[in-house]
Structures are given as C-alpha cells and as structure tokens.
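Enquirer: Letter by letter, the chains look like this.
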Amino acid sequence: MESFELRFSGNAPIGGRAHVGVVGSGDLEVLMEPANETVVSVRTSVDGFGMIWRATLERFLARNPIAAKIEINDFGATPGVVSLRLAQALEEARR
Amino acid sequence: MGVRPHDLLRLASPTAVEAAAAPAWVAAALAATPWVVARRAGEAGGRIAVGVRGATRSERFAAHVPTTAVVETLGPEDLADRPPPRAHSAFDAMAALRPALDDVGCGWGPAGAAGFELATGRPALTADSDLDLVLRLRAPPRDGVLAGLAAAARRAPLRVDVLLEAPAGAAALEEYLSDVESVLLRTREGPRLARRGALWTGPC
Chain A
34 MESFELRFSG NAPIGGRAHV GVVGSGDLEV LMEPANETVV SVRTSVDGFG MIWRATLERF
94 LARNPIAAKI EINDFGATPG VVSLRLAQAL EEARR
Chain B
6 MGVRPHDLLR LASPTAVEAA AAPAWVAAAL AATPWVVARR AGEAGGRIAV GVRGATRSER
66 FAAHVPTTAV VETLGPEDLA DRPPPRAHSA FDAMAALRPA LDDVGCGWGP AGAAGFELAT
126 GRPALTADSD LDLVLRLRAP PRDGVLAGLA AAARRAPLRV DVLLEAPAGA AALEEYLSDV
186 ESVLLRTREG PRLARRGALW TGPC
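Just so you know, the protein sequences line up as chains A and B, in that order. Count along the first sequence from 1, add 33, and you get the number used in my numbering. Count along the second sequence from 1, add 5, and you get the number used in my numbering.
In case anyone wonders, no lab produced these hints; they're calculated from the structure. Cβ atoms here follow ideal geometry from the backbone N, Cα and C, with glycine treated the same way. Treat the hints with caution; some may be incorrect.
[As the list claims (entries may be wrong)] Facing chain B, according to a computed beta carbon distance under 10 Å, are these residues of chain A, among others:
1. A51
2. V55
3. G57
4. S78
5. F108
6. G109
7. V114
8. A120
[Claimed, not checked] Just some of the chain A residues that point at chain B, by a computed CB distance under 10 Å:
9. V56
10. S58
11. G113
Please work from the sequences and hints to get the whole structure.
Expert: Listed below in structure tokens is the structure:
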C-alpha cells in the first residue's frame, strides 16, 4: 500500500462531482470534485509505480487542464484502465 | 473452444513460462504450483497471454506460455461444483450465492484466489481476500435479476466482485447496475468505455 499527492496547474472549472469505478482487483475508484487548485491523492495497493502514475496523470491533465480535487483508490489497475476511469469521471462531472 | 480469460492452465513444466526478466518470486511460485491464469489478450501464434500469481496482491506477473505447454485447462464453470479444500468465508459466500447465480446466465464460477485454490488445492485465499466470480451472459437478463444477485452479494461476509462476461467483453456487475452513463468494458483488444448496450453485440 502506497499513498502520495501530486499537484497540477489547471484552471478549467468542472461542472460537479463524480464518483466512478469499482473497488476490485485490476480496477480503481476515482472521485472528482470542483476545487481552486488541482491536487490528486493516490492510494494504491501496488507499490513502486510513482513514475507511471505521474506520467498517466500528466497526460490526462495536459489534455484536460481542469481545476479539481481528485481522489484515487487503486487496486492494481493498468495505466490504460486508469486513463479511462479519469475520462469517465470527467464525463460524469460534466453531466 | 480456445482459451478464455480466467481459465487456469496447468503447465507440463514450471519452466514453460517465457519470463526472461521475471522477478525471483515467479520461478518459486511456479515451482510450487505450476498453474497460470489466462489473460484477456488470449492466444495468438501458438502463445497464450497469462498471469503468474505470487503470494501477495502485488505479486502478479504477466507472461506468455506456448500452447503446447498446457496439460490441463479449468475454467470458472469447472470449479463451481468442486468441494472447498478448507473452510473460508469465500467458499461460504459462494455456497450462499449459488441459487442466485444458477438462476442467471449461461454459467458461472469462481476466479481470482478462490478459483486458484479450488483448481490447484494450494492455499491462495487470505484473511482479506475478496471473492471474485465470473457470470457469463448472452443477453441482458430480465429486469431485477442482476439487482437481486447484487443485493445477495452485498450480504456476504466478505467483498464479492461479480464480473459479467458478455459477448462483447466484461463489465463489473456493480458498475453495470450503477447510474453512470458508460461502463468500463474489458475486451480482448483492451479496455474501453461503452454504453451498456454494447455488451451484447458479438458471439457469446
């Protein structure tokens, strides 16, 4: 189990809150809510992938420079699944 | 029928796994239990995409095995009726959910640690294990059936994850029943977001 926090500079407002994903192996939960600054808190069951997390989040937030508080509870998802869940959370926040 | 995701494959030899850059625990795990689990990427060119299970949750290793190295294949359905090798809440939950599962779809069975333990006889479940179940469906069941199953699963003494294996791919039961617009669909080509209706297009 590993936890860390990453900060990004985004300023595009998101509509509302979102909660997507599943608490289960190979998956993750993403909670997203409007905020003044972009802080991502990651809790993951798999240690040692900090660099990959940073790259995956950087890619998503470069494409979507949102201002949001993002909480991630990860249960060993692949970067592909992480990216999809982030996109899904944003889709839900904008509904 | 070819190899399907979650199938457990017994290998003729623990060294059949193509794992040049594998961590040390991989060889030890295979020497003790020469079984691997088929990944969704499946079979191509005589090689099967597999995962090796270690003792802990973070010990999972993706590799390939030659098709010819597989001497036995057990899918989740083959394991549903096996007597549990020991007492564990996962097996109790499986027994309790059996009527609800028998009522739905075209087959079900355990995957994950419970499936591995039933196939190999080796302890894989731990005190904080979930129960992973696979439920095969050709078409959406009648209204309320899946909600009933999910409610029964929530009453279990441990966390139960039901994966719906549909013609187009797999989705989590819990997410399928939630109010999100699209769900995560796991396919042979990789995961994608899809509307629920997309699950039902394709061969079972």
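Enquirer: Please go over all the hints and tell whether each is borne out by the structure.
Expert: Results for each hint:
{"no.": "1", "hint": "A51", "verdict": "9 Å, holds"}
{"no.": "2", "hint": "V55", "verdict": "4 Å, holds"}
{"no.": "3", "hint": "G57", "verdict": "4 Å, holds"}
{"no.": "4", "hint": "S78", "verdict": "6 Å, holds"}
{"no.": "5", "hint": "F108", "verdict": "8 Å, holds"}
{"no.": "6", "hint": "G109", "verdict": "7 Å, holds"}
{"no.": "7", "hint": "V114", "verdict": "5 Å, holds"}
{"no.": "8", "hint": "A120", "verdict": "7 Å, holds"}
{"no.": "9", "hint": "V56", "verdict": "7 Å, holds"}
{"no.": "10", "hint": "S58", "verdict": "6 Å, holds"}
{"no.": "11", "hint": "G113", "verdict": "6 Å, holds"}
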